[in-house]
Amino acid sequence: MAKGRYGEFGGQYVPETLMHELHRLEDAYEYYKKDPQFRKELHDLFCNYANRPSLLYYAEKMTKDLGGAKIYLKREDLNHTGSHKINNVLGQTLLAKKMGKTRIIAETGAGQHGVAAATGAALLDMECEVFMGVKDTERQALNVYRMELLGAKVHPVTTGTGTLKDAVNEAMRNWTTRVDDTAYVIGSVMGPHPYPMMVRDFQSIISKEAREQILKTEGKLPDAVLACVGGGSNAMGMFYNFIPDKEVKLIGCEAAGRGVNTAQTAATIATGKYGVFHGMKSYFCQNKYGQIAPVYSISAGLDYPGIGPEHAYLYETGRAQYVPITDDEAVDAFEYLARTEGIICAIESAHAVAYARKLAPTMRKDQSMIICLSGRGDKDVAAMARYRGRNVTE
Amino acid sequence: MNRIGKAFEHGKAFIGFLTAGDPSLEKTEEFALEMARAGCDLIEIGIPFSDPIAEGPVIQEADLRSLSAGTTTDGVFRMAADLRRKTDVPLVFMTYYNPVFSYGNEKFFANCRESGIDGIIVPDLPFEEKGEITEVAAKNGIQVISMIAPTSQERIRMIAKESEGFLYVVSSLGVTGVRTKIETDLSAILKIVRESTDTPAAVGFGISTPEQAEKIGRTADGVIVGSAIVKLIAKYGTNAGKYVYDYVKSMKDALKRI
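From first to last, the protein sequence lines are chains A and B. Counting from 47, one number per residue, gives the positions in the first sequence under our numbering. Counting from 7, one number per residue, gives the positions in the second sequence under our numbering.
So here's chain A without its partners, still in its complex pose (with noise of 0.2 Å):
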């Protein structure tokens, strides 16, 4: 396969005034991943400050009520700053250190990126400044309040339709404006090489453990993995260790918003098209002229019109499947894990429990899934309460 590339998927679609610190950025990367002293301070990083490794926990009382497979949750929510982004963002600034930059910038949908981000800014004494699209500043006024309390200075992102594709748009406009002296830390795997190839790697490590964990504890391989999927950082992290076991089925669940059937939807393998957007060439929510379009999830942190590179790739080789789960489902699950295992997991996540919840029952007691929990639901309480007529304020 070409560098960079997922098969035809993946590349570096970006203006000229990129393209010389995409390459800078790929070497520092390629040298600073083989460094022993980078992977010892990363590794540092994760145990010490992260909270790594985080735990698989077996949850019984799920299994018992669905009365399948046994289900195992990787708890990233259970990370620093509350969810897997923490993994990439301490990756990217440490190298963007290395590399001599002092300021780092990010796009942020929910804020857990924009949050994890500005966490590692403050850590490692960087300048940190967080695009939002607007609407997004107001359905998450909280978070605006978590970055500006770690330092950061937060960029509401006024064009377009407001929502995270435009604050990708906006920081990667301003990276054209400062690439000197700033690193742009993307959230998830896409964007242009080597954007989909790093992140992927910093977020491996939640397979890493994972695949170690379960065979430790069942003393075999799961039968299915299962991760939510917006641009697909989590469910990278999640699948990539398990990718050879090839008995391992690899499961990613979209946002279906309102429905694939309806326009209000952000199920991008489900509705979208072959395109090229933010750097890569992959699928993405598009109208008949290739106009991006608007979507909708109540999940604002799978609301991206587009998916990664090598989710795409694993799609069409037919190594991954992806199944559209929608906003009704994702409330249902972030409910029933409540109620059933005492925890409140991200919305995001609640994707991929609501799939679980209709998969485990027609497997057998003897198989086993994983289901990545990506993030803690703290930042999502009010608006579930919301979602069921309850008017509950922060």
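Please note that a few of the clues may not be correct.
Just the calculated beta-carbon pair ranges, DEER-fashion [as the list claims (entries may be wrong)]: (1) B:R43 / A:Y191: 54 to 62 Å; (2) B:K167 / A:E87: 35 to 43 Å; (3) B:K167 / A:K319: 29 to 37 Å; (4) A:H69 / B:H16: 56 to 64 Å; (5) B:R163 / A:K292: 31 to 39 Å; (6) B:R163 / A:T148: 28 to 36 Å; (7) B:H16 / A:D171: 50 to 58 Å; (8) A:H69 / B:K167: 16 to 24 Å; (9) B:D88 / A:G146: 47 to 55 Å.
FYI, nobody ran anything at the bench for these hints, they're computed from the structure. Beta carbons: idealized from backbone N, C-alpha and C, even for Gly.
Since chain A is already given, all that's left is putting chain B on it; use the hints.
Then chain B, alone, in the frame of chain A:
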């Protein structure tokens, strides 16, 4: 028989940009003809895109106005074909790769040829990715315009050597839009360009005044202006024709003084 070379035969070239369909395709045609009448040597027609990542706010807003008005790629082709029947000015499309790719490269470039388009600029197809379109563009006689940025450094020679039509030299870091000051050492970039190719080099991004045009025209083969023209169209709407004419004339006059 490509017309782009002709743009550089009348002294320093003035290259003007406008977004197709802002405020309507009929008006785009009218404004383009005004630009040609005022001495514009080459016209860039922007096919609007929902997410133009290389553009500043002025052109972003024009793209959204145009798309909201219902502009489609098919409509832009029809307008271009009409325009071509009325003028011989070189016409170059500027758009992002997704509208081209999704239309289908074969069909898109065949339509370019049939509409009398001479070239294309795709800001998100850098040197490494231009292979996506070079063959199909060449087959249809459409020249692919390459860009050089202040950060290009060791990439300048490589890009210049494979250039055709003209080279679009980006004056500053960042996105399109009016700037009061341009600080890049353009003469150093242009020197390397000239050592590597005979392709003419025009400078764009941030240029809006006759003084800037005259200054940059002393070192470059032409200047490219987008946001300043689009701003006039945003301000005067359907009546922008004469303002566009006067503005383009003032810019071309400044270049004639060199």
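With 54 to 62 Å as the target window, see if R43 (chain B) and Y191 (chain A) comply at their CB atoms. Holds: the Cβ-Cβ distance is about 56 Å, inside 54 to 62 Å.
Look at the Cβ atoms of R163 (chain B) and K292 (chain A) and judge whether their distance stays inside 31 to 39 Å. Violated: the Cβ-Cβ distance is about 47 Å, outside 31 to 39 Å.
Verify the CB-CB distance for K167 (chain B) and K319 (chain A) against the hinted window 29 to 37 Å. 36 Å, holds
Quick one: are H69 (chain A) and H16 (chain B) within 56 to 64 Å, going by C-beta? The hint (56 to 64 Å, Cβ to Cβ) is violated, given that H69 (chain A) and H16 (chain B) are roughly 39 Å apart.
Looking only at beta-carbon atoms, does the pair R163 (chain B), T148 (chain A) fall within the given range of 28 to 36 Å? The hinted range 28 to 36 Å holds for R163 (chain B) and T148 (chain A), with Cβ atoms some 31 Å apart.
Outcome of range test on Cβ distance (H16 (chain B), D171 (chain A); 50 to 58 Å): 56 Å, holds
Take a look at whether the Cβ-Cβ distance between D88 (chain B) and G146 (chain A) falls inside 47 to 55 Å. With Cβ atoms ~54 Å apart, the hint holds.
Is the gap between the beta carbons of K167 (chain B) and E87 (chain A) within 35 to 43 Å? Since K167 (chain B) and E87 (chain A) have Cβ atoms about 42 Å apart, the given range 35 to 43 Å holds.
How does the Cβ-Cβ distance of H69 (chain A) and K167 (chain B) compare with 16 to 24 Å: does it lie in that range? 18 Å, holds
Of the numbered hints listed earlier, those contradicted by the structure are 4, 5.
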